[in-house]
Amino acid sequence: MLLAATLFALGLVGLLVRRDVVFMLMSLEVMLNAAGLAFVAAGGGWGQPDGQVMFLFVLSVAAAEVAVGLALVLRLYKRTLSLDADAASRLRG
Amino acid sequence: MQAAFYLAGAVAVASTVLMLTRLNVVHALLFLVLSLIAVAVAFFALGAPLVGALEIIVYAGAIVVLFVFVVMMLNLGDEASEQERRWLAPGIWRLPLALGAVLLAGAVALVLGGSGAGVVQPVAPKEVAVSLFGPYAIGVELASMLLLAGLVGAYHLGWQRRAQRPEEEVRDGLDTGGARVAAGRDTVRPGPRRPPRAA
Amino acid sequence: MYDLLWLVPALPALGFLALALAGPRLPRAAVAVIGAGSVGASAAVTLGLAGAFLASPPPGHAFTQRLWTWMAAGGFQADFTLRLDPLSLLMLVVITFVGFLIHVYSVEFMWDDDGFARFFAYMNLFVASMATLVLGANLLLLYLGWEGVGLCSYLLIGFWYKDPANGRAGRKAFVVTRVGDTAMAIGLLLLFRELGTLDIAELLRRAAATWEPGSTMAIAAAALLLGGALGKSAQLPLQVWLPDAMAGPTPTSALIHAATMVTAGVYLIARTHVLFELAPAVQLAVACVGAATLLLAGCSALAQRDIKRILAYSTVSQIGYMFLALGVGAWTAAMFHFMTHAFFKALLFLAAGIVIEALHHEHDIFRMGGLRRRLPIAFWAFAAGGAALAGLPLVSSGFYSKDAIVWAAYAGPLGNGVFWALAALGVLVTSLYTFRLIFVVFFGEPRGEIGHRPGWAMSVPVAILAVLSVVAGFLNVPPTLGGIHLFDDFLAPVLPAMAHHEGGGFTEAASQVLTALAFGLGLAAAWVLFLRRRDAAARIAASPPGHAVGRLWREGWGFDWLYERVLVRPITALASAGRGDFVDGPFEAAGRAAFALHVAASATQTGRLRWYAAGLAGGSLAAVAIALFL
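Residue numbers (the working numbering), protein chains in the order written: chain A, 1 to 93; chain B, 1 to 199; chain C, 1 to 630.
It is worth saying that the hints were derived from the structure and are not from the lab.
The reader is advised that the hints may include incorrect statements.
As the list claims (entries may be wrong) - Computed Cβ-Cβ distance ranges for the label pairs, DEER-style:
hint, chain 1, residue 1, chain 2, residue 2, range
1, A, 61, B, 126, 41 to 51 Å
2, B, 21, C, 588, 50 to 60 Å
3, B, 94, C, 596, 21 to 31 Å
4, B, 145, A, 75, 50 to 60 Å
No residue lacks a Cβ here, since even glycine has one placed at the ideal position from N, Cα and C.
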């Protein structure tokens with residue numbers, strides 16, 4: 001669990017620090033992975049398969065999200081020719 | 001078993017840290033793969049072989065491969081590394097680190113203070129399978145629908161007839177440097193100079 | 001028939017509502033029909049009422065129609081009660097009939113104006129308010145109409161609001177009449193406190209019963225009512241607003257500032273004449289004010305160049321005659337002059353409107369000339385109206401009404417030789433400025449080019465009024481010339497006939513001859529100065545004393561200058577000094593605080609992804625903290 005927490009925190013830091021969207025997506029993966037780890041550990045702690053089942057769901061969600069996210073990254077790049085996350089700030093209030 | 005777990009954990013943390021600080025995307029991806037494999041080993045040590053195998057096959061095998069494909073399509077060159085160096089000024093780490101540290105402290109406190117669930121016991125894959133086909137069947141169906149949605153979405157988003165003409169990009173109000181695309185030099189260009197994130 | 005009395009104020013009021021709510025959306029023809037038609041219908045009802053009244057007058061020569069209870073609180077009750085008696089019937093006939101003619105005239109005059117519907121809405125509201133004023137059976141309802149006409153006057157003077165000068169003129173009129181209105185309101189309160197009622201008939205009865213002639217209460221009440229009348233009728237010292245009120249459209253000047261609203265003061269005094277009889281000092285003051293005003297205004301009219309300002313000062317002067325008549329106790333003579341003045345002054349204003357329209361909104365008479373052959377209708381209209389105004393012997397209505405007043409200034413209960421002399425001098429001055437106007441505008445060399453010729457809507461009302469200006473005088477012919485007193489008899493139930501005091505050998509015939517001479521002298525002088533030898537007039541005007549006097553007269557005897565220095569500037573200085581008070585502070589601060597919050601909240605919407613992610617992280621941190629510590 002501690003490991004999961006550490007990895008999660010690291011992933012969050014990475015998400016906040018990096019400006020390149022690809023890096024941000026990678027940090028997201030790390031965070032998801034950490035969450036899954038936490039699930040599995042907890043499930044194992046209780047001796048039940050539910051933790052692993054949850055991990056499977058988390059995994060599939062991560063896969064779908066990566067697919068769509070990378071497609072979006074491609075779109076963003078085609079539009080702005082840069083991978084700067086801060087450049088896409090047209091929703092600025 | 002314990003030693004394997006701690007070792008794998010240490011490798012995972014180290015490789016994640018390294019991943020975060022790399023300038024070159026491909027380097028970072030490699031470290032990501034390393035981190036994922038280390039976590040898989042941790043899974044094996046926790047007695048969840050199914051999950052560990054799945055981690056390697058799906059996560060490290062498919063998702064990271066997707067990343068690699070996209071990175072190759074983007075064709076980022078040395079200029080991108082230069083840009084990353086500029087973006088990763090030391091000052092920029094302060095707030096996220098602080099935030100992450102506080103969050104970590106909180107999470108740790110929660111974990112340590114919570115009702116300990118006892119020693120981790122290995123759970124056989126057979127139990128997981130039975131659970132999946134039984135009570136969690138509907139979850140499986142939903143997950144498959146989600147994957148289908150992701151598939152369609154990604155296909156639709158990724159599909160493009162032709163490159164958008166530079167004038168269209170200008171009309172959209174984005175400073176996109178379409179002329180540079182037309183000139184064939186479509187590597188990553190830094191965007192318009194933006195003020196540093198108000199931290 | 002009498003039950004239809006309520007229609008007389010109601011029809012124009014309905015017209016006002018219709019035009020105010022839907023006017024801009026209606027086509028002009030519909031607006032004209034509603035606007036002029038409502039007043040026309042009211043006039044028709046009035047004529048029917050008049051016919052019924054003359055044929056078979058109601059008992060007591062007064063018909064009262066109570067519509068509803070307006071307010072009843074404590075010991076005070078005021079109802080919406082309309083009362084028709086000879087005096088109010090006379091006023092009503094003049095108001096609705098002349099009003100209708102002016103509305104028809106306005107259809108053509110204002111046709112090209114953007115505010116066509118707005119104009120008719122205001123005019124209808126005016127007619128409704130004026131009808132309420134004269135029909136009110138209690139002073140409170142009268143005051144309601146009083147305020148209503150004041151409001152409409154303001155709205156119509158500043159009708160062309162895009163020019164700030166018009167707004168200033170409207171404000172000036174409203175503020176000056178307000179001074180009078182305040183005095184009147186205090187008078188109403190005083191009357192109620194002393195006599196316990198505001199119903200006019202009852203009030204006058206109680207006043208006659210409980211107050212001694214010359215008692216302080218009577219003097220106070222009458223003086224306060226006089227204050228109100230001074231304001232509304234533009235007499236000294238509150239006459240400064242009427243010349244500036246000419247900034248409004250000409251039909252407005254004709255209706256409001258010639259025929260009806262400015263006579264509201266005359267009506268008030270005539271209506272409450274019992275109070276004035278109980279306070280001889282105040283009645284004498286009325287006469288003095290009238291006499292002074294008629295001369296001052298007449299002299300000012302002599303020095304004006306703007307055609308409408310000449311007519312405005314002339315109105316002030318003629319109302320001075322009415323006040324003089326009221327002051328010396330010749331009640332019916334005052335009302336007679338009111339009626340004839342309504343006809344010929346409205347005629348003069350409408351004809352002036354024709355001239356102004358034709359010469360592309362030229363107002364300066366010295367830029368006009370020779371219109372006698374080029375605008376015959378205006379010429380004959382001015383001839384008829386001018387003759388009536390100056391008092392052409394025997395054939396104009398003004399002659400009979402003004403002569404009655406001049407004679408009463410000598411022979412009335414409070415009359416004396418001084419008043420007579422001033423009134424006769426006034427005839428000379430009136431004749432002089434009237435014919436000056438006519439000779440300068442209509443004779444001489446043609447100047448300016450004719451643009452818009454009047455159509456039937458403008459010509460027919462003018463023609464009708466011209467006829468009336470000539471024949472209306474025959475209602476009351478003095479004994480020396482035939483002895484008809486239809487008018488006096490008609491008003492007898494309400495207004496007592498004038499009691500002659502013993503004169504010293506000065507007969508009415510002598511008075512008439514002398515006033516005819518004054519008229520002739522004025523005509524001759526105008527002929528010489530403005531037709532034959534214009535250079536003489538110019539030399540007189542250019543000489544140093546002539547120039548100074550001319551300037552004094554033109555500026556209205558310095559009243560504006562005085563009021564500006566003594567009243568307006570100190571008060572506005574005080575007002576701007578009090579502007580920076582602290583009361584605005586909290587409200588301003590609230591607004592600014594809200595805006596500051598807005599700015600702060602907007603700053604969080606940076607549009608940047610990592611910022612939002614940081615926000616999420618911060619939020620989850622807070623959740624964890626809550627989980628840990630709470």
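Here is what the structure says about each hint:
1. For residue 61(A) and residue 126(B), the hinted distance range of 41 to 51 Å is not satisfied, since their beta carbons lie about 24 Å from each other.
2. In this structure the supplied range 50 to 60 Å holds for residue 21(B) paired with residue 588(C), their Cβ-Cβ distance being about 53 Å.
3. For the pair residue 94(B) and residue 596(C), the beta carbons lie near 28 Å from each other, so the given range of 21 to 31 Å is met.
4. As the Cβ distance of residue 145(B) to residue 75(A) is approximately 24 Å, the hint placing it in 50 to 60 Å is violated.
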